[in-house]
Amino acid sequence: MNHKKRQLLKHAEGRSRVISTLRITDSIYDDMLFERAYCHLNNTYKDFPEFISTLTSSKLFWNWWKNQYYNTDIEFINEVQSGNAIFSLSKNDFEQYYKSKHLNKNIKIDYYIIESIAREQHEMDVKEFSKKSIIKTNE
Amino acid sequence: MNHSISKHKQLYSLLQKQKLMNQRHDLVFSFSNNRTDNSAELTNTEIEKLISHLNNIDHPSKATSDFVQGEKMRKRILSLCHQYGWTEYSHKKKSNVVDLVMLNNWMLKYSFLHKPLNEYSQQELPALITQFETVIKKYLKTL
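As they're listed, the protein sequences go chains H and U.
Here the numbering used here is used: position 18 in the first sequence is 18, and no number is missing along the way.
Here the numbering used here is used: position 22 in the second sequence is 22, and no number is missing along the way.
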């Protein structure tokens with residue numbers, strides 16, 4: 001099995017264990033993942049809404065984000081498995097604990113990710129510009 | 001402790017002499033092949049290598065700056081390993097840590113000079129970082 005397949009399997013397993021541990025639905029899980037991303041971006045780049053929109057329209061960003069998120073999930077699952085006292089928390093508190101685990105994680109978007117996304121965006125802009133120029137010339 | 005007290009004392013007196021006290025954790029981390037940053041956990045062979053390294057430093061300030069630069073880049077590689085998913089959960093640290101077996105296997109097989117991370121010099125490390133970033137970008141794009 002190659003690295004990509006192994007990782008996808010690990011992430012899927014982590015995700016389903018979080019869902020069953022917190023007794024939540026798939027859509028609530030997805031909401032938490034996206035909410036955390038937007039919360040992080042709005043806190044970090046609050047004065048740059050266009051930049052946030054560029055990042056969030058990139059597949060590379062989301063794959064990177066999910067990777068980070070799933071890594072924290074794996075820590076959470078291991079913590080639960082090791083019989084930590086959080087086990088005795090109520091469903092609501094347990095969910096809050098899970099959210100705070102993600103919230104307290106110091107995530108920084110690496111410059112090489114930003115650079116790649118900026119390059120992707122530039123290439124798209126150039127394509128769009130060329131398309132418009134061709135249409136204009138034909139008119 | 002995995003070595004004698006006299007060697008431990010010798011190490012600390014050399015760290016003091018070479019003005020490397022603040023970098024001791026990084027040095028220990030590097031000489032234990034990224035296993036620990038606690039000098040008490042160094043094996044006999046590891047502490048001897050570190051002592052010999054400290055004894056051979058002619059120009060402490062240059063050696064320190066080279067070492068610190070190199071360590072920064074090695075830490076960058078380790079941070080990239082987290083992004084690539086080469087991690088395992090450490091019950092001791094209660095967090096994900098880099099899977100060094102996986103990293104070392106990759107280093108020997110695919111890194112551009114086919115040698116362990118600690119053997120890459122400060123001059124060679126930037127190219128290794130670029131290689132790592134390219135691999136991760138490719139991986140993230142195809143997920």
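By construction, these hints were calculated from the structure, which means they are not laboratory data.
Just so it is clear, CB atoms sit at the ideal spot from N, CA and C, and this is done for glycine as well.
Heads up, a few of these hints could be off.
BS3-like, lysine-lysine: derived pairs with alpha carbons at most 27 Å apart [said to hold, decoys possible]:
| # | chain 1 | residue 1 | chain 2 | residue 2 |
| --- | --- | --- | --- | --- |
| 1 | H | 10 | H | 59 |
| 2 | U | 7 | U | 19 |
| 3 | H | 59 | H | 91 |
| 4 | U | 19 | H | 108 |
| 5 | H | 59 | H | 105 |
| 6 | U | 19 | H | 66 |
| 7 | H | 105 | U | 19 |
| 8 | H | 105 | U | 49 |
| 9 | H | 105 | U | 94 |
| 10 | U | 49 | U | 94 |
| 11 | U | 49 | U | 109 |
| 12 | H | 108 | U | 138 |
| 13 | U | 9 | H | 10 |
Computed list of chain U residues with no C-beta within reach of chain H, every gap over 10 Å [unchecked claim]:
| # | residue |
| --- | --- |
| 14 | 49 |
| 15 | 83 |
| 16 | 89 |
| 17 | 115 |
| 18 | 141 |
Hint numbers not upheld by this structure, sorted from lowest to highest: Hints 3, 4, 6, 7, 8, 10, 13, 15, 16 and 18 contradicted; others consistent.
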